[in-house]
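Given the coordinates of chain A, work out where chain B should sit on it, guided by the hints.
Number of protein chains: 2
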Amino acid sequence: MEILRDLLKENKTRILFLVADGIGGVPHPDYGNKTELEYAKTPNLDELAARSVTGLTIPVDHGITPGSGPAHLSLFGYDPVKHNIGRGVLEALGIGFKLEKNDVAIRGNFCTLGPDGLVLDRRAGRIPTEESGEIVKKLQEAIKEIDGVQIIWRPGKEHRFVLVLRGEGLSDRVVETDPQKEGKPPVEPEPLEEDARKTSEVLKKLISRAKEILKDEKKANFILLRGYAKPPELVPFPEKYGLKSLSLAYYPMYKGLTRLLGMDTPDVGDSFEDVIKAYREMGGEYDYVYLHYKDTDKAGEDGDFLKKVDRIENLDRHLPEILGLKPDVIVVTGDHSTPSLLAGHSWHPNPTILYSPHAGADDVHIYTERACKRGYLGIIPAMKLMPLALANALRLKKFGA
Amino acid sequence: MEILRDLLKENKTRILFLVADGIGGVPHPDYGNKTELEYAKTPNLDELAARSVTGLTIPVDHGITPGSGPAHLSLFGYDPVKHNIGRGVLEALGIGFKLEKNDVAIRGNFCTLGPDGLVLDRRAGRIPTEESGEIVKKLQEAIKEIDGVQIIWRPGKEHRFVLVLRGEGLSDRVVETDPQKEGKPPVEPEPLEEDARKTSEVLKKLISRAKEILKDEKKANFILLRGYAKPPELVPFPEKYGLKSLSLAYYPMYKGLTRLLGMDTPDVGDSFEDVIKAYREMGGEYDYVYLHYKDTDKAGEDGDFLKKVDRIENLDRHLPEILGLKPDVIVVTGDHSTPSLLAGHSWHPNPTILYSPHAGADDVHIYTERACKRGYLGIIPAMKLMPLALANALRLKKFGA
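Residue numbers (numbering that gives the first Met the number 0), protein chains in the order written: chain A, 0 to 400; chain B, 0 to 400.
Be aware that one or more of the hints could be misleading.
[Said to hold, decoys possible] Below, in silico cross-link-like pairs of lysine-lysine (BS3-like), each with a Cα-Cα straight-line distance of 27 Å or less:
1) Lys306(B) x Lys396(A)
2) Lys372(A) x Lys383(B)
3) Lys8(A) x Lys180(B)
4) Lys11(A) x Lys180(B)
5) Lys97(B) x Lys137(B)
6) Lys143(A) x Lys203(A)
7) Lys180(B) x Lys396(A)
8) Lys383(B) x Lys396(A)
9) Lys397(A) x Lys297(B)
10) Lys397(A) x Lys180(B)
11) Lys383(A) x Lys383(B)
12) Lys383(A) x Lys137(B)
13) Lys396(A) x Lys156(B)
14) Lys297(B) x Lys156(B)
15) Lys397(A) x Lys97(B)
16) Lys383(B) x Lys397(A)
17) Lys81(B) x Lys81(A)
18) Lys143(B) x Lys210(B)
19) Lys397(A) x Lys33(B)
20) Lys396(A) x Lys81(B)
[Claimed, not checked] Heads up, incomplete: computed chain B residues facing chain A, CB under 7 Å, no partners named:
21) Pro26
22) Gly68
23) Ile151
24) Trp346
25) Ile378
Source of the hints: derived by calculation from the structure; they are not laboratory data. Glycine included, every Cβ here is placed at the ideal spot set by N, Cα and C.
So that you can see chain A by itself, here it is in the shape it has in the complex (with noise of 0.2 Å):
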């Protein structure tokens, strides 16, 4: 779709982006061979639906079940498959860590030792969080920078922590430190190419001072890292589209993930209601919004069917106030399927309304998988909602004469 960027106009119209993380499910035995969707009341997304097309939405390919940084930078209209986000990246932008262009970020764990040298615990006996919090302070204290690269400790939950190396000429090609099996030594971060041989001195630097720094410890002796990324280059959403956009959620990685797309992203809060307020005051001034609700996966994830259900029944509930600051063209959609069968993301297509006053001839008048199924959309790639909002907002000039 590179085509859309010389189509790009300028108008007034804006464009709501409603993501229910996790909404699509599939038939439970349990509850009628209902899906979440269907067993839900949900009269105002109905509403919704009657007048809007609809479709399904695949985020990534058939067959693909998606995280949730694939998943939205789909929905977003970039390739997913093309620009990875790694684990590293994906890790600082959950605890909320603005990560800089030239970042290397990190997963790491603390483990267990051995006299040997050997790993004992790759986790370090899960230590509480509080310790480990402890521990990655005293680091932080005592290892800020090395060669003149800073060193950046965040703690994470239990053994866990996060990493960032800030600095010129980084790399994030060498080779990880965890031996992935207890009972085998760590494994030097060697460089997987020239370029990354500054970094790979870093790193070595840095776990021997580490080393010495943890030696007293009795779980916590050692740490492991792993998943070693550098931010996805990516043109700004607001370049891509030409849109003032600005992205409301409650759940720290979504907020990082669109302030790497470079939208605004303002801490509102910590639930749903909190998001909706913010929309209510600050969305009138933006092309573009994109709104986050979370508890639908979290429900799916827990493989709770009925918290699922009634956690649709809460955003339909809360549809008439979102959509009382009337935008032009509306997407309600799921980033990924989080079925409660299943208890986790999947591969199935997200049900995906999309009204604008000239969307299309639809005869869908309920939001559930099966009815989007048979919708004026069809069954379609996630990364083509964008070019369609923008179609049906009028924001795209015609191609070719």
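Only chain B this time, still in chain A's reference frame:
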């Protein structure tokens, strides 16, 4: 679809593409939320749909509104993104000019230049067509050749004209001279690449001579040039598919386009009736016939819902006569949609009928956007219609063993 060429085989079957320009639409709130096709009475199209398979076809991509050039390329099985038809070429085709392979076609405007050398009016007060025609005649008499390059002037509507450079070693990679805003000086036609130096020199001399000739005109005292374009390099349609091909259209641009593609394109008259008569007389001698109906697009462009309904019903009335020649494969489709609600081309897919005695299993009995969505073909790129037509004509061998 490069594999297609190796699979072609010949037989006596005949294929008809009946293209109703811009026939697709979207529901209109003033007319019971029906589309033009839903509002119109089309017993003959419905009868054909009932014994055919149906679907929706996408000219370029989801959300992309195509011009007539890309939309038709796609219909004829050429990738419309890869093969862009430049503005100058389309303008030349639009006045029925027969372009040759190495020509450079240019859109010209007469403009008014002030005494300070700045453009006062980019359209020379939209001088009447008759007046500008006279000026073009004068320019043609005075400037026929520059540095061995033939210069061809052709009048257009009001302030517009078409300029064609014919000769060896010409390029379309030259800076456009239209400053795009009044109060600025015209831009020099500098070369954009080394190979464009000769063309740039020719244009500079041409502009300077035209200025001298026009110096006493009150309004049209200068020219602005843009949209330089060479005809795209395309495998001729008859060769690409092994089909003796006839194009019947009553609007110049469509005739120009099919001539460019190497189809036999006679001038048969100015009305759809003329085209149908010619088809009845000549159609039997061809493997493939493209039959173009313009009225639906015109009414859509005018934003006239009832007029478009009327033009659809007019097409329907003529259908039995058209199908009297009993082609083996019939495609009825649009090139792009032109909803009267939007009063212009749009991105919505084309409702499409594909008839052959072995087209497939389909439950659709009416020809509308909503019905075609439920059809056997699904939502497919318009580029796939030619392979499907060839297959239904039994003109393709098996791929592999």
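Hint check results:
1. Lys306(B) x Lys396(A): 25 Å, holds
2. Lys372(A) x Lys383(B): Holds. Lys372(A) to Lys383(B) sits at ~22 Å (cutoff 27 Å).
3. Lys8(A) x Lys180(B): Holds - the C-alpha atoms of Lys180(B) and Lys8(A) are around 18 Å apart, at most 27 Å.
4. Lys11(A) x Lys180(B): Holds. Lys11(A) to Lys180(B) sits at ~23 Å (cutoff 27 Å).
5. Lys97(B) x Lys137(B): 22 Å, holds
6. Lys143(A) x Lys203(A): 15 Å, holds
7. Lys180(B) x Lys396(A): 20 Å, holds
8. Lys383(B) x Lys396(A): The given pair, whose Cα atoms are some 25 Å apart, holds under the 27 Å limit.
9. Lys397(A) x Lys297(B): It holds: about 17 Å lies between the C-alpha atoms, which stays within 27 Å.
10. Lys397(A) x Lys180(B): Between Lys397(A) and Lys180(B) the Cα gap is close to 21 Å, so the pair holds against 27 Å.
11. Lys383(A) x Lys383(B): 19 Å, holds
12. Lys383(A) x Lys137(B): 52 Å, violated
13. Lys396(A) x Lys156(B): 23 Å, holds
14. Lys297(B) x Lys156(B): 18 Å, holds
15. Lys397(A) x Lys97(B): 25 Å, holds
16. Lys383(B) x Lys397(A): Judged against 27 Å, a Cα distance of about 22 Å means the pair holds.
17. Lys81(B) x Lys81(A): 21 Å, holds
18. Lys143(B) x Lys210(B): 15 Å, holds
19. Lys397(A) x Lys33(B): Status holds; Cα separation ~25 Å.
20. Lys396(A) x Lys81(B): Distance of about 18 Å is within 27 Å: holds.
21. Pro26: Hint on Pro26(B): holds, closest Cβ of chain A at ~5 Å, below 7 Å.
22. Gly68: With Cβ-Cβ at 5 Å, under 7 Å, it holds.
23. Ile151: 20 Å, violated
24. Trp346: 4 Å, holds
25. Ile378: At 4 Å from the nearest chain A Cβ, Ile378(B) passes the 7 Å test, so the hint holds.
Hints 12 and 23 from the earlier list are contradicted by this structure; the remaining hints agree with it.
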